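Engineer: Here are the chains, one letter per residue:
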Amino acid sequence: MLPTTAVTPVLECKNVNISYYTRAGEIPAVIDFNLTLMPGESMGIVGESGCGKSTVALAIMQYMGKNGRVKSGQILFNGRDLQTMGEDELRSIRGSQISMVYQEPMASLNPSMKIGEQLMEVPLYHESVTEAEAKQRSLDMLAAVRLPDPQRIMDAYPHQISGGQQQRVVIAMALLSKPALLLLDEPTTALDVTVEAGIVQLIKDISKQFGTSMIYISHNLGLILETCDRITVMYSGEAVEAGAVQSVFNEMRHPYTRGLFASIPLPGTNKNSRPLVPIRGQLPLPQNRPQGCYFSPRCDFFQAGRCDTKGGISMRPVSDEQRHDVRCVRFEDIDWANYRPIGLSGDKVEIGKTVLEVKHMKKYYELKDSSLIAMIKGKKVQYVKANEDINLVAHEAETVAIVGESGCGKSTFAKVLMGLEEATEGEVILNGLELSHTPVQQRKAQTVALLQMVFQNPFDTLNPSHTVGSQIARVIKKFDIESDPDKINQRVMELLDLVKLPRDFALRRPRQLSGGQKQRIGIARAFAGRPSVVVADEPVSALDVSVQAAVTGLLTDIQRNLKTTLLFISHDLSVVRYVSDRIVVMYLGHIMEQGTTDEIFNPPYHPYTEALLSAVPIADTSVKKRHIVLEGELPSPVNPPSGCPFQTRCPRKMCAICETQLPALQHTDTGHAIMCHIPIAELRKVEQVFQVEAAN
Amino acid sequence: MTDAVKFDTALPAKRESRLKRFFQALALMRESPVGMIGLLLILFWVMMAILAPFLPLYDPNAIMAPFQKIGATAPDGGIFWLGTDHKGRDILSRIIWGAQKVLIWATFATFVAYVVGMLMGVLAGYKGGWADEIVSFIANIFLSFPFIILCIIIVATLGASGWTVVVAVTFASAPQIMRIVRGLVLDLKTRDYIFAAQTRGESPWYIMLVELLPNARGPLIVDACLRLGYTVVAIATLGFLGLGLPPPDPDWGLMLKEAVPLGAFAGHSMYLPAAALASLILGFNLLADGLREISLRD
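So the protein lines, in turn, are chains W and E. Everything in the first sequence is counted per my numbering, starting at 1 for the first residue and increasing by one. Everything in the second sequence is counted per my numbering, starting at 1 for the first residue and increasing by one.
These are computed hints drawn from the structure, not numbers from a lab. Please read all numbers here as calculations on a predicted model, not as lab measurements. Take the hints with a grain of salt, since some may be wrong.
[Unchecked claim] A few chain E positions that, by computed beta-carbon distances, are all more than 12 Å from chain W:
1. 28
2. 39
3. 65
4. 138
5. 142
6. 146
7. 155
8. 191
9. 201
10. 204
11. 206
12. 210
13. 212
14. 213
15. 224
[Claimed, not checked] Derived DEER-like restraints, expressed as beta-carbon distance ranges:
16. E:33 with W:562: 31 to 39 Å
17. W:17 with E:30: 26 to 34 Å
18. E:296 with W:17: 45 to 53 Å
[Unchecked claim] If we take Cβ atoms under 10 Å as the criterion, some of the chain E residues that face chain W in the derived model are:
19. 31
20. 197
21. 202
22. 203
23. 211
24. 230
All C-beta atoms, glycine included, are put in the ideal place defined by N, C-alpha and C.
Work out the full structure: start from the sequences and follow the hints.
Structural biologist: Structure below.
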């Protein structure tokens with residue numbers, strides 16, 4: 001059947017069932033899970049939160065904790081069942097033959113030990129080597145994960161290096177014992193996009209260089225496509241589709257996999273003509289899984305009698321050659337070629353008059369240094385230059401995206417707009433009113449109502465102590481929209497209708513809501529005061545993929561109908577390309593480039609935009625992408641580089657002028673602006689970052 | 001629409017759910033045997049305190065026959081179930097009336113300390129900067145005095161009474177409560193819902209009292225329970241030193257003070273109030289442990 005039968009798989013999971021035992025009884029977390037990983041292969045496990053993907057990783061490590069247990073099935077590592085091994089044997093395998101890299105690098109490193117000591121521990125503990133040898137191997141490995149100046153890193157404490165460098169150290173540590181199997185659990189989720197691109201490149205090279213087998217757990221299909229040979233898609237504790245990456249991406253057979261792909265913004269989707277299609281309904285709780293196919297209540301192809309039979313549905317082979325299996329009884333009946341799901345589409349809205357104008361806005365934070373050295377040197381005050389010379393115009397019904405990595409000043413910009421911080425210089429004009437020096441408490445209720453915000457973290461956005469209804473009602477009262485309790489109540493109901501939630505949610509408390517529902521309430525709250533500008537700070541980045549599509553669709557839909565101006569702050573360029581009319585790219589407090597969405601995504605590019613675009617993982621096999629990995633680290637805004645802020649990492653840096661002189665903004669005839677010394681004519685010659693191959 | 005729900009005016013519904021939640025919390029307590037023992041001990045003393053006027057007890061201050069043993073017959077034919085003290089007062093009656101005193105004053109003093117401590121803590125934590133410096137400085141001054149010395153100073157200035165006890169306990173406890181609340185608020189104030197309240201221009205006091213404090217309640221309920229225990233200790237200590245509730249009214253600390261010199265030939269008049277005191281404090285501590293256990297489990 002397979003050409004690899006002679007070789008023992010590194011890891012084989014056979015009919016694994018894993019349950020957690022809690023006060024409420026047994027909760028099956030993973031059901032009938034099968035996986036075969038050959039030496040040198042890399043397997044991606046993708047799924048939304050709660051689908052059991054991390055539980056699989058923990059079971060492989062045999063780290064189930066007190067209340068979790070592998071109920072049945074075998075987990076074979078190099079042909080031996082991990083279940084039958086004793087604690088001592090497991091300990092000798094963990095860290096030497098199976099290593100794991102977690103999401104938060106800082107949580108995996110001991111903050112009180114030098115990195116060198118922590119690295120050297122690995123060979124010293126698992127092998128009998130001398131200290132000198134352990135040190136040499138640590139140094140070599142740091143060089144292998146492409147950390148600059150390994151000697152300095154060895155002597156540093158974890159907090160002294162950046163997040164990206166920490167994650168590289170963790171990967172180096174995991175590789176030091178030359179493991180046969182490396183587990184990566186969302187290793188780049190906590191990192192910035194350009195840093196992520198570097199780590200992804202590294203992970204790809206590792207499997208080639210060391211021949212390590214990998215299991216890569218992620219919620220991001222694009223990352224899996226870039227790093228893995230094979231993929232397993234999980235849904236509600238089951239693997240629903242598995243196979244070679246190319247086979248699954250090009251000929252996906254399970255309706256859930258289809259749904260996932262339809263809900264991520266790929267090149268080609270567009271909020272007006274080709275909208276995202278969210279998966280309807282919600283992930284069932286493990287206790288309430290339906291009979292038969294777990295996806296059936298959300299599936300467009302559900303057929304009573306076939307999909308809801310008693311007993312589970314087993315995996316069926318799609319193609320033997322690609323080892324492509326799918327857990328769907330109807331996969332052969334479904335005519336995918338003629339299936340066009342319909343999303344929330346709408347007409348392009350006319351962009352109206354200017355609503356918000358920011359002119360030469362500057363925001364410096366003072367850092368008082370009261371140390372003795374500073375007093376002797378006479379340098380007591382330093383400035384964090386969070387925003388430098390921000391110029392921006394937003395019109396009625398327009399979506400302007402502000403894009404940049406952490407520390408680029410996008411949140412500071414939002415704070416100045418909202419009146420939580422005063423601008424150091426410049427003007428912020430909202431509907432003809434100058435606001436840059438008026439803190440929010442001194443603004444009139446109507447003015448405050450005009451400018452509202454949707455926040456990033458759904459778990460933080462609502463006050464857990466108050467009901468959802470009273471939190472929306474408070475906004476209505478506060479902004480004097482209504483004062484009569486009945487009318488306020490009526491308005492709350494209208495707002496719940498607007499965000500497509502049942503009216504009885506008004507009496508619920510935030511903890512009774514899912515992440516997506518909380519975010520909807522956050523949107524209802526922002527629109528309660530009939531705002532003309534809504535600032536959305538990464539409104540979907542903390543949500544699951546299928547929920548992201550629904551919330552993004554909702555937000556753009558409401559905005560379109562109410563002709564609200566939306567300032568969409570994000571680091572995710574694929575979402576930004578989907579929702580926005582114009583894009584502003586920020587780096588270290590400066591606007592590097594601004595223009596319409598088309599202008600930003602096509603040459604001429606600012607070199608930073610170019611790198612940012614190439615760093616976005618794209619889950620589409622027909623898109624060819626150039627890879628640009630930025631060198632170096634993001635400079636500190638306290639001590640920005642001289643000249644062009646991007647010069648320390650710029651792959652197109654020219655010569656002395658980049659280091660000495662701040663580049664001027666170059667404008668094209670259409671209003672596209674780039675802050676770079678390289679002439680626009682030159683930048684125009686740059687090749688496209690993405691190329692969509694013609695579908696055949 | 002028919003399913004439109006009124007929530008803003010429908011206060012009774014909300015209150016009902018609160019009562020329901022309270023009973024649900026009590027039901028959860030059954031899962032913590034330790035907490036259950038604590039709760040029963042406290043309920044026992046609360047019942048005693050409430051029923052004190054209705055029980056067939058002697059007047060706690062009536063002077064009858066001194067140094068009667070446990071179960072001795074009283075001059076009027078009744079029984080001194082727990083004997084009498086050196087002045088001839090009924091010990092059972094004094095313990096039960098003493099429970100009422102200590103529970104009322106301990107609860108009241110803790111409540112006042114909490115109001116003061118929470119206000120200081122939320123102000124210092126939310127405002128930061130100078131407000132924090134000043135409040136923390138004041139708190140540190142009070143924390144640097146040993147508790148007993150602080151109490152002696154206050155009682156010496158104000159004279160002995162229940163109110164003085166309240167002031168003393170507040171001065172001693174509020175700075176500690178302030179520190180806990182300040183720490184909680186420093187964490188809570190970075191949440192987006194606080195940011196949301198700021199962006200709609202809420203006043204700082206609204207944010208502090210309506211948005212922040214309700215979310216700090218979890219750890220504070222556990223601490224309040226422990227602190228009630230400390231306050232009972234504090235009131236007994238003050239009574240023992242003669243600085244607490246003024247005589248002749250029954251007070252457990254005072255009863256101990258009077259009994260200790262005579263311990264050799266009237267042991268029960270010393271052990272019985274001590275046991276009462278210990279059981280009540282134990283009750284508060286066990287309940288706090290149980291609450292913590294339950295809150296960690298969810």
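Engineer: None of the hints should be skipped; say for each whether it holds.
Structural biologist: Hints versus structure:
1. The beta carbon of residue 28 of chain E is not kept farther than 12 Å from every beta carbon of chain W, the shortest such distance being approximately 10 Å.
2. Consistency note on residue 39 of chain E: stated as away from chain W, and its beta-carbon is indeed over 12 Å from all of that chain's, at 20 Å minimum.
3. Every CB of chain W is more than 12 Å from the CB of residue 65 of chain E (nearest about 57 Å), matching its label as outside the interface.
4. Listed as a non-interface residue, residue 138 of chain E keeps its Cβ farther than 12 Å from every Cβ of chain W; the least gap is roughly 23 Å.
5. Chain W leaves residue 142 of chain E outside its interface by the beta-carbon criterion, the shortest separation being 27 Å against a cut-off of 12 Å.
6. With 12 Å as the threshold on Cβ separation, the claim that residue 146 of chain E sits away from chain W holds: the shortest Cβ distance comes to roughly 33 Å.
7. Non-interface status of residue 155 of chain E relative to chain W is upheld: no Cβ of that chain comes within 12 Å, the nearest being about 39 Å off.
8. Listed as a non-interface residue, residue 191 of chain E fails to keep its Cβ farther than 12 Å from every Cβ of chain W; the least gap is roughly 4 Å.
9. With 12 Å as the threshold on Cβ separation, the claim that residue 201 of chain E sits away from chain W is violated: the shortest Cβ distance comes to roughly 5 Å.
10. Separation of residue 204 of chain E from chain W is inadequate, the least Cβ-Cβ distance of about 9 Å not exceeding the 12 Å criterion.
11. Residue 206 of chain E, annotated as away from the interface, has a beta carbon of chain W within 12 Å; the closest lies near 9 Å.
12. Look at residue 210 of chain E: its CB is around 8 Å from the nearest CB on chain W, not clear of 12 Å, so calling it non-interface is violated.
13. Not every CB of chain W lies more than 12 Å from the CB of residue 212 of chain E, the least distance being 9 Å, so the non-interface label is violated.
14. Annotated as non-interface, residue 213 of chain E brings its C-beta within 12 Å of a C-beta of chain W; the closest such distance is 9 Å.
15. No beta-carbon of chain W is positioned within 12 Å of the beta-carbon of residue 224 of chain E; the least distance is around 17 Å.
16. At about 57 Å, the beta-carbon gap between residue 33 of chain E and residue 562 of chain W misses the expected band of 31 to 39 Å.
17. Restraint check, residue 17 of chain W to residue 30 of chain E: a C-beta distance of roughly 32 Å satisfies the suggested window 26 to 34 Å.
18. The hinted window of 45 to 53 Å between residue 296 of chain E and residue 17 of chain W is violated, with their beta carbons roughly 29 Å apart.
19. The interface hint given for residue 31 of chain E is met, as the beta carbon of that residue sits about 8 Å from the closest beta carbon of chain W, less than 10 Å.
20. A cut of 10 Å between beta carbons decides the hint on residue 197 of chain E: the least distance to chain W is about 8 Å, and the hint holds.
21. Using the Cβ-Cβ criterion of 10 Å, the hint placing residue 202 of chain E at the interface with chain W is satisfied: the shortest such distance is roughly 7 Å.
22. Nearest Cβ of chain W to the Cβ of residue 203 of chain E: about 7 Å, under the 10 Å cut. The hint holds.
23. Hint on residue 211 of chain E holds. Least Cβ distance to chain W is approximately 6 Å, under the 10 Å limit.
24. Annotation: residue 230 of chain E was flagged as interfacial toward chain W, and the flag is violated, the nearest CB pair being 27 Å apart, outside 10 Å.
Violation of the numbered hints given earlier is confined to hints 1, 8, 9, 10, 11, 12, 13, 14, 16, 18 and 24; the remaining hints are satisfied by the structure.
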